[in-house]
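**Student:** Sequence:
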Amino acid sequence: MMIFKRSAFLIAIVGAAACLASPAADLAQEEATFAKRVWLSNIDVQAACKQQYTDAYVAITVNNGCGGWKCILNNSQYSVNMDGYCVQRWGGEAYASCGGGTVWDWQCHDRT
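Letter by letter, the sequence shown follows residues -18 to -1, 1 to 94 of mature numbering (1 follows the signal peptide of the UniProt record, and there is no 0).
Keep in mind that the hints were calculated from the coordinates and are not lab data.
Glycine residues also receive a C-beta, built at the ideal position from the N, C-alpha and C atoms.
Treat the hints with care, since some could be wrong.
Pairwise CB distance ranges (calculated) [said to hold, decoys possible]:
id	residue 1	residue 2	range
1	R19	N57	37 to 47 Å
2	I54	W86	16 to 26 Å
3	G83	Y60	20 to 30 Å
4	N56	R93	30 to 40 Å
5	R19	N56	36 to 46 Å
6	T94	L55	28 to 38 Å
7	D65	V44	18 to 28 Å
8	T94	D26	16 to 26 Å
9	Q34	G81	15 to 25 Å
10	T94	Q59	31 to 41 Å
11	N57	W21	31 to 41 Å
12	S58	T94	34 to 44 Å
Required output: the full structure, derived from the provided sequences and hints.
**Tutor:** Spelled out as structure tokens, the structure:
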């Protein structure tokens, strides 16, 4: 006959329940998100700058993060509206995402 301490037994049960319940809930949420997400294209940031400002603007990176793109002309820097680029190119349900966390990871997706 084995004798367990109540606290050790309770910790084991709670830990097992957390391991079993948590991944299923996370997986369901992740599947729902990806079910609505359709890849359309990578974002041409140079084209986005020209679309949002004028042909004279060029795209530069000021850091490696998702927010690292700027449109520049002479000494003036402006942000790039990635969502605006996707909507202009693909229509109203399009949106931008930066999944990998770097300036090179911007893409257009569609919710429909």
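**Student:** All hints are to be evaluated individually against the structure, with a verdict given for each.
**Tutor:** Against the structure, the hints:
no. : hint                  : verdict
1   : R19 - N57: 37 to 47 Å : 38 Å, holds
2   : I54 - W86: 16 to 26 Å : 18 Å, holds
3   : G83 - Y60: 20 to 30 Å : 22 Å, holds
4   : N56 - R93: 30 to 40 Å : 38 Å, holds
5   : R19 - N56: 36 to 46 Å : 38 Å, holds
6   : T94 - L55: 28 to 38 Å : 36 Å, holds
7   : D65 - V44: 18 to 28 Å : 20 Å, holds
8   : T94 - D26: 16 to 26 Å : 22 Å, holds
9   : Q34 - G81: 15 to 25 Å : 22 Å, holds
10  : T94 - Q59: 31 to 41 Å : 34 Å, holds
11  : N57 - W21: 31 to 41 Å : 36 Å, holds
12  : S58 - T94: 34 to 44 Å : 37 Å, holds
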